[in-house]
Structure formats: structure tokens, C-alpha cells
Amino acid sequence: MKIFFSELYFELKKNRGAMTGVIIIILSLVIAIFAPLLAPHNPTEIFSDSLRLPPVFVSGGKPGFFFGTDDIGRDLLSRLIYGSRISLSVGFSVVVLSLITGTFLGVMAGFYGGLLDRIIMRLTDLIMSLPSILFAIVIVAVLGPGITNSIVAVSIVAVPNFIRIIRAQVMVEKNRQYVFAAKLFGAGNFRLMFVEILPNCIAPLIVQASLGFSDGILNVAALGFLGLGAQAPMSEWGTMLSDARSYIESSPWMVTLPGICILVTVLSFNLLGDGLRDALDPRLKKQN
Amino acid sequence: MSNNLLEIKDLNIFFKSDKNPDPIHAVRDLSFSLKQGEMLGVVGESGSGKSITNLALMGILGDSAIVRAEQCSLNNRELLNLKEHEWQKVRGGEISMIFQDPMTALNPFLTVEYQIVETILAHLNISKGEAKNKAIELLLQVGITSPKDRLKSYPFELSGGMAQRVMIAMAISTSPKLLIADEPTTALDVTIQKQILTLIKSLQEKNNMSVILVTHDLGVVSEFSERVQVMYAGELVETGRTSEIIKNPKHPYTFGLLSSRPGAVTRPAKTPLASIPGIVPAFHQRPAGCQFNPRCIHVLEDCKLGKIPIEHFVRCLHPMKETIV
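Protein chains in written order, with my numbering: chain C, 1 to 288; chain X, 1001 to 1325.
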């Protein structure tokens, strides 16, 4: 395991895009963790004398409100900083939830095959047959809007990807001789599945997890934009976008800044994901 | 009740197949027994049913296989009626197995320590610390120097011979009564071969363990095992003391195998080695009568009819009388 990760780091270091992604991710993590120290104002505090102020570097900006304020006079920079907390924890929860369920179901499907496999795979087909955001909207509509429910919805939508990847990998690995040998040394099915086989399937799982992170952030932001995700005072980027929509012409920074934040975070996770795939997939390695 | 560790009577193994309505008859009426502390060599071409028999003994042939036997018992305990959780105790506990290619038989993602310790913990009721000490002791026993460092290694850091030693250490960690060695040296180079076999032999004698040694190599059998059985097309064709069979094979197949070794029979220079013509018939094309009759050089009319019984430890109507020098 240790060797695996040090080798992974070695491969990853050679990939400039992935390293950029890592740096941005670390940076946003730092921002999210130290948000109360970094934010100049409380994100929900209303300055009724300074509505829709432009950023400080544009004429009309006021020092103290670096990125300006929104339509009811809240400091945009503080809201963006606090927003990173929500986005990162949303991405993390989505990945954890969908990773655990997806891995469990995928390993079961791949290992046992037969009827169980067919049931699980038809379920994933069912979820995948609808556009993911549409399906997430349906789930949130049923559960009711809110950040927790949108996390659940987005996680459910993300599960099939994990199931498919892990199932395919398990089906290859389960016929390897070390699995057979472990069985001959008296290992039970659960040991075979989760101790012997699963660690050998970890490479594509890591890639999918990092890509799932960005998908999660993006989908929850989309739900927020549609008014189904985080609710009013919460400074979630997608919700901020949606609130600022009507001011797109008069105060473009209110839409642009949260948009850029989503873009940069999602992009950095995608860069990392691609880098990981290049580092972990032996077929891609051979080509360069 | 018998004193034999392993007692097998009329073992038949069939495989169901989608294409054929009739199940494939892979092993026919195999009977043999093994005493405590004895080493039995099993020889035969690919497809002769050696490996399938071993897998049946470990109870992991899968759903497509039908295993029937009048008796198939280890220490007077019938194996075929065991439930899956009972099998898990037998596998690795009472019967252990080592494989042809040790490099693929170890999990590439887990350390040697983890794999040995887990095997021990699964079968013996001892603490993790004791298991680790036992693992070190076992590695020393199988001739691995600096076992503490090796415990931290991953399989890819080991050489083939070392990996096979680790496999052996795992196999004997639970002091099994029976060790099945399925071509343990085929994937290793010749110098390592002898070391590994000598190791297995010495462990067998020290632990009073029984060993089934499956191999292609008659030289190996003659040097290491007291008794040998020759299998062909799912049948036992000849069995007996190794020294006698090597000198005086009665079945034409055994004779053919023995005379195809380099230097087995004197032949003029630059002539090809002796060989047995043809190949083992496929499962669905098994001939009537003696299974070997299409390839036998001494075949007579009566060889092609009916079932040939084993008489005097050989399944042949016209046993050979020649000796191999």
C-alpha cells in the first residue's frame, strides 16, 4: 500500500496539469478550513448602505469589500470563502457516500454474478438511462429541497459509475490465482472480496473518486442554481449564482465570481483525476 | 476404519456443459490411499485429471462439477458431505496446497507478513503477536534468511524461488496433515527446483506430513517419492513403488513416458528422442476400451472393447515385460 502511493506520487509529479490541480485543491482546502480567519466579514452580515457594490479594483468600489457586495449588501468575498467550505464538504460527502455504496454493490455484483449481478446491473441501467441532473431533480423533488437532500440525490446519481467500474475490475481479478490460493488457504467469501480482491481494484476507483468529486460539486451547484439545493442565507456558490441571475447585466461580478469559483474547483479535480488515470493505467503508460 | 490418512474409492468427477447434454466424465473410478507421512508422486500429461482430482480433494470445483465417490475421506472423515464453512476449516487447516506459479499465487497488494499471519489467524487460536513470531520461525524453516525484513516485502520484491518458499511457509503454517504440491517447480529454474523439492521432502519427514506431489517430471518423482501413480485420460493406469516402476513399467503409457526421457534408452546419435505419438483424446472423444489404445504401439483387438480393470496395479490387458535399463 505504502509503495503504491509513493509510486503514484512519483508518476503524478511528472504531470504538470495534475500538480496544478493538486495545488489548487490544497489551496481551496486551506481557504475552507481557515474561512473564519480569512473572511473579512460575516457572510450573512448585511451592510444596508452598500448594496451591489462593484469590486474594489473597479471604479465605484469601496475598500473593505474586495469583491464588492451582493444585492442585499453582503460581502461577496466572505461569501465566496465560506462557499468553498460548503462546496468541498459537498464534494467529499458525495464521493464518500457513492464510493461506499457503489463499491459494496459493485464488488457483490462482480464476485457473485448470476441473479444478484443482474438485479444490481439493471438498477444501475435504470439510473443511468436518465440524464443525471434530471434524476437528481426528481429525487430532490421527492425528498424536499435542501443541501442534505441534494447531497443524497447527487450521490445516488453517482453510484452507478462506481458500480460499473468496480464490477468490471472484480470480474477480472476474481479469476486470478492469488484469489484461488487464498480460497485454498481457507478464506471465506467476504475476506476474498474485501481483503484480497478490493485492494487490487483500487486504481480505477481513485480516478473515479477524484472525478466524482467535481461531478458532485457541479451537480449540487446546479441543484442550488435551480433553487433545490442550499437554501437562502447559505453562501453556496450555485445558490449565489441563481440569486444573482437577475443582475447579470447591471452587476456582472455577482454572477461571474461564484461561476469562476465553481469552474476553478471543478477543473482542478478533473485535472487531478486525469493525472491519476494517466499514472495508474498501465495501458496509457506504455504509449508515452 | 483404516489407518490411512487419505482414502479414496471410486472417485468420479463429471462436468456439466452447456453444449453437451451428457456431462463430461473427467475422472473415472479413481481409487488410491495415502498413509500418514508418505509422499505420493502423481504423473501424467496435461488433461489427465491430476489437477482436477486435487481440486476435488479441496472441495472447490465449483457448481458445474459433480463429484461422486464411494469413499473420499481424510482421517476417516468423509469430505464430500462437508458444508462450506466446514470446508473452510479443512482448506488451509488440514489440507494445504502450493501452486505452479508462486508469483501469481501471492496477492500483489499485501505484504508477506499480512498474508502469512492472516492464514495462521484464520486457523489457529493464537494472538497476532504470536502469529508474527510463528511467521518468522516458519520463514527460517523454509530457508529464508533475514525473515524479519522479508516479512515487510511485497511479492514483487521476491524472486520466484523465494516466493515459492513463502508459499510453502504459508502452507505448513497450520501444520496440515496433507500437502498437495501441484507442480511446485514447473515455473522455477532447474537449480531452484531441487532446493524446493528437497525442502518439501525435509518438511514432510520432519512434520510427518503426507504429500501429494503432482509433476510432469519423472526424474523428480523417482528421486523424491516412495510411491507413484500414473494417470492417463482421467484414469489411474499404473501405480506402485517408484523404484519398481522406473525400472520395470508394465503399462505401455508409463513405458512410453519413461523412454522419452533423454538418456533413458540407448539410441544412435542424432536421432530424435523417443516420444508417444498423438495426444490425450479430448473429453468428448474418449475411445472405448483402453483409453490409451489409439496411441499404444502394442495395441491388440481386445484392447478396444469394454472397460479395462486394474489388475496387479496396472490397467492393461497386456502388460509389458521389457525393462528400461
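Calculated from the structure, these hints are not laboratory results.
All figures in this text were calculated on a predicted structure; none of them were measured in a lab.
Treat the hints with care, since some could be wrong.
Here are the simulated EDC-like cross-link-like pairs (lysine to aspartate or glutamate), alpha carbons at most 16 Å apart as the crow flies [said to hold, decoys possible]:
#	chain 1	residue 1	chain 2	residue 2
1	C	K183	X	E1137
2	X	K1206	X	E1137
3	X	K1321	X	E1301
4	X	K1206	X	E1086
5	C	K62	C	D49
6	C	K183	X	E1084
7	X	K1201	X	E1226
8	C	K183	X	E1223
9	X	K1201	X	E1223
Evaluation of the provided hints:
{"no.": "1", "hint": "C:K183 x X:E1137", "verdict": "violated, 24 Å"}
{"no.": "2", "hint": "X:K1206 x X:E1137", "verdict": "holds, 15 Å"}
{"no.": "3", "hint": "X:K1321 x X:E1301", "verdict": "violated, 19 Å"}
{"no.": "4", "hint": "X:K1206 x X:E1086", "verdict": "violated, 28 Å"}
{"no.": "5", "hint": "C:K62 x C:D49", "verdict": "holds, 11 Å"}
{"no.": "6", "hint": "C:K183 x X:E1084", "verdict": "holds, 11 Å"}
{"no.": "7", "hint": "X:K1201 x X:E1226", "verdict": "holds, 11 Å"}
{"no.": "8", "hint": "C:K183 x X:E1223", "verdict": "violated, 31 Å"}
{"no.": "9", "hint": "X:K1201 x X:E1223", "verdict": "holds, 10 Å"}
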